[in-house]
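Assembling the complex is the task here: the two chains are given apart, and the hints tell you how they should meet.
Keeping their order, the protein sequence lines are chains A and B. The opening residue of the first sequence carries number 1 in my numbering; numbering runs sequentially from there. The opening residue of the second sequence carries number 1 in my numbering; numbering runs sequentially from there.
Hints listed in this document are in silico derivations from the structure and should not be mistaken for laboratory results. Careful, some of the hints might be misleading.
Residues from chain A that face chain B, not an exhaustive set, calculated with beta carbons under 8 angstroms [what the hints assert, rightly or not]:
(1) 72
(2) 73
(3) 78
(4) 156
(5) 191
Note that CB positions come from ideal geometry on N, CA and C, so glycine has one too.
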Amino acid sequence: MTFLKAPHWEWYIVWYFFLGGIAGGAYFVGAIADNFGGRRDEEVAKSGYLVALPLTLICGILLTIDLGTPTRFLNMLRQFKFWNPMSIGSWGIGAFGAFAFVSAALSFSREARLVWLRKNIGKVGSLFGFFLASYTGVLLGSTARPIWTDARFMGALFLASGASTGIAAIGLISYLRRVELGESWRKIKKADSFAMAFEIVLLALLLGTLGSPGRAIWAGPFAAPFWVGLVGIGLVVPLALSLVLKPRAGQAGLVTAMASILILVGGFALRYVIVFVGQS
Amino acid sequence: MPTYAMFTDTSVCTGCRACQVACKQWNELPAEGAEWTGTYQNREHFTDKTWRLVRFVEKADTKGEPKWLLMSDVCKHCAQAGCLEACPTGAIHRTQYGTVMVNQDVCNGCRYCVSACPFGVVTFNHDTGRVNKCTFCNDRIHNNMPTACAKTCPTQSIQFGERSALAAKAKKRLADLHEQGVKEARLYGVDDDILGGLNAFYLLLDKPETYNLPPAPKLPERNVAVDSALSIGSALVLGLGALVAFRERGSASGESQEGDGQ
Numbered sequence: 001m002t003f004l005k006a007p008h009w010e011w012y013i014v015w016y017f018f019l020g021g022i023a024g025g026a027y028f029v030g031a032i033a034d035n036f037g038g039r040r041d042e043e044v045a046k047s048g049y050l051v052a053l054p055l056t057l058i059c060g061i062l063l064t065i066d067l068g069t070p071t072r073f074l075n076m077l078r079q080f081k082f083w084n085p086m087s088i089g090s091w092g093i094g095a096f097g098a099f100a101f102v103s104a105a106l107s108f109s110r111e112a113r114l115v116w117l118r119k120n121i122g123k124v125g126s127l128f129g130f131f132l133a134s135y136t137g138v139l140l141g142s143t144a145r146p147i148w149t150d151a152r153f154m155g156a157l158f159l160a161s162g163a164s165t166g167i168a169a170i171g172l173i174s175y176l177r178r179v180e181l182g183e184s185w186r187k188i189k190k191a192d193s194f195a196m197a198f199e200i201v202l203l204a205l206l207l208g209t210l211g212s213p214g215r216a217i218w219a220g221p222f223a224a225p226f227w228v229g230l231v232g233i234g235l236v237v238p239l240a241l242s243l244v245l246k247p248r249a250g251q252a253g254l255v256t257a258m259a260s261i262l263i264l265v266g267g268f269a270l271r272y273v274i275v276f277v278g279q280s
Numbered sequence: 001m002p003t004y005a006m007f008t009d010t011s012v013c014t015g016c017r018a019c020q021v022a023c024k025q026w027n028e029l030p031a032e033g034a035e036w037t038g039t040y041q042n043r044e045h046f047t048d049k050t051w052r053l054v055r056f057v058e059k060a061d062t063k064g065e066p067k068w069l070l071m072s073d074v075c076k077h078c079a080q081a082g083c084l085e086a087c088p089t090g091a092i093h094r095t096q097y098g099t100v101m102v103n104q105d106v107c108n109g110c111r112y113c114v115s116a117c118p119f120g121v122v123t124f125n126h127d128t129g130r131v132n133k134c135t136f137c138n139d140r141i142h143n144n145m146p147t148a149c150a151k152t153c154p155t156q157s158i159q160f161g162e163r164s165a166l167a168a169k170a171k172k173r174l175a176d177l178h179e180q181g182v183k184e185a186r187l188y189g190v191d192d193d194i195l196g197g198l199n200a201f202y203l204l205l206d207k208p209e210t211y212n213l214p215p216a217p218k219l220p221e222r223n224v225a226v227d228s229a230l231s232i233g234s235a236l237v238l239g240l241g242a243l244v245a246f247r248e249r250g251s252a253s254g255e256s257q258e259g260d261g262q
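The shape of chain B in the complex, shown without the other chains (with noise of 0.2 angstroms):
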């Protein structure tokens, strides 16, 4: 099976949130009401509802001149993913393309995956006490469709496609926008130094942080090892030191427990 992914490239887009509103209807998420987020864009983050979410940054460029970078945000199905690490029913998991889905039947609610998650994407559901985020369209991938978002995009910012071939398109992309002066502009999520590679990649013209992206993300769940021999080791101090508290003997009152404690 082909792993598919996600070629999202900034430069391109126009921020008119057809993604947005496409997502929203295939997979029929409700409308939420407006939120005043201090900028164009509508939620402040993604919600159970809002699976893509358009964000517009308005910064001045180097001239002063008021300028848009525009990018379409979704959950980034990481080839390390911390909400599946998380996961301890099996509600989340990987498909035979490569992307990370919620059993919506499986899951119980415990929202670890939703503290695991280093972009904030996982979120959890009021109404059904249940975790929710995109699914990669994953009915629509198993018919030989790309994603709504891929496919209603008019200016072809986002790109549905087999993973290899689109991480090469991506730095082809890349190449020409240095070659034609667009030094600022990078990738995010290409290569496996960013957990693994992320299975939804980003062309993006600034840092990630002004775009609300961790310019490192790490697993979570590296701190395991760690976390649980530095436990181990302070049980060994703890059982030795109520260990000499109860076994002391020859004390003061004279009671001796020779012979009668084993």
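If we strip away everything but chain A, and leave its shape as in the complex, we get (with noise of 0.2 angstroms):
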């Protein structure tokens, strides 16, 4: 397959592919804490929305300078291509965005009525969060190129990678916040080791469909950042302790906030891993 040409997508992709998942997966898990939670989980929303927009304005950045000549991200705004995931992608970031403004700056509102806003802004911006979490792994799968053209669950994927990561981000701010969350740090241990059991799922489905050109993904020179970043530290490690340890009640935002270091390096290395194996 060597007559095929490599987009030559790098350091800066995987880092959007990273930071835009989990700005997404931690936007619509406090979307879903701030509509379906208590009270105590209203701080765990805020946590996520503050994830959220940063993040975005940061892949924007990221993605700008990957255009080398930053103003031409405008020509990507001349088209609405609802089929091609690059068109919806540029529009569904700014959108997102928005929705990431708007839901931070309510968080720091207790009023009812802003309150009631900022839960009902979260519904429907919860969609763009799935979008932006998961639209880059059906990017890739829309290509030519090796192993990317045929590995479906690529999306799917990505979007669980989302949601723990995003879980785990929503886990350290909040530990870094020094926020009292008492029993909202079980359910948000509860819900990335959820995550995290769905993405070994969709992992081992991914690769037992794409079959022995998958052998380059687990096999080749991507072995270690696979087995050991993603599957070990990422993903086996944090979910062998979250049922291993029964933090007592002064640590259980210490230790989430351990676990949420080893899932995010694990969600580096999962898009480190599939953006250069399609290109080597």
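Next comes the structure, spelled out in structure tokens:
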């Protein structure tokens, strides 16, 4: 397949896929906590919104830098091709940024009407959060590149990773904000354990349906970041810790923060392996 | 408007590379220096400055005698073009003559098309930060002139014309060759089985793979629907998981969330 050309999407894109996943995941998990959780979960939601906003801004910067001439990003807005992941992605990240901004701003108010507004905006914004965390995988799947073109489930997997890293970011930021979450620490752990378990299922489905070309992911030069970074540090260790460790009340935040760092490393390893394996 | 096409009959190509030079000349493409490719071919593949490329394949025939397979390769201007579908800006568009063209003023260098071309034609130009490929001599065909490569070809290995007439010509040529005993001759891209039909199609003397052509290329964008559906399924599962995790009640700490969440 040497006659195919690589798009040379490198570190800017790896970081974008990673941070975009966190932003989308943190937002929709935050909005779900906001709408269906208790009073303490409003702080969880606030952490989610506060993670999503700056990361979205960084994502936009990464994408425009990658174009070489940043103003050319505007060319993306000449068209709206709804079947084209790159096209709707460009519009989608802008729309998501607007939701992240409004939600983050409203999360500082306790006034009933504004809280009501924030919760309902969160419901709609979540759809864009799901989109931002997943479309990048769909985008890679709709190329002619080896592995990418045959790997289904990439959008689904990126979304699961976006959820697990998004919840991890919520945990980490909540710890750094020194908010007292009480019972919500356990909810964060539960939600993240579920996302990671589902991520493992999707990873197995992706590799299973991909067949022998998938060896390039888990047996070639990417074996180390795949097994150590993604599977080990990113999924198995934090899942095992969440089963084994029963932190005392005062230490739940610290334990969550430590596990969060591992999960984030795993999410980065996933984007690194997938982005580069399709271009090597 | 007619749909134009180019028919490259590799059985009469002599490898003179006049087409490659004419393309460079007309399109003002600078020299790139020589590249050792292990054959007489210069440039291993299309670049941002090489849009016509004569492929040289040295292969032993059935008697063990070395023989040349020569083929002048170019952008296929596919009826179902992966690059065109991928382009988010509209820079890549189909002209009134059915050809696929990159508008240099609009391209923003996102490189999605580079990854979406099943033939590795579209190339990123690091000088301009945009992508380049064969224009099907857009300026010439709009002035009733054939493409530069076809015009210059001394053996009529490259022919330019209205697509349906050229397709008929290609099929006639194939029938003649089969009659003469050239059993391995075959057409590539004339019919719509390859990406809806190519507007640059070929008569080959060996398997497509021998010429570095994919035997059955597919439109990359066919995957969008399935991948999107799987992503939506994933979103439902993850959303439900988060909902259950945060909605849980009656836990050990005795915190009641009744009534304060909605």
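These are the hints, each one checked on the structure:
| no. | hint | result |
| --- | --- | --- |
| 1 | 72 | holds (4 angstroms) |
| 2 | 73 | holds (7 angstroms) |
| 3 | 78 | holds (5 angstroms) |
| 4 | 156 | holds (4 angstroms) |
| 5 | 191 | holds (4 angstroms) |
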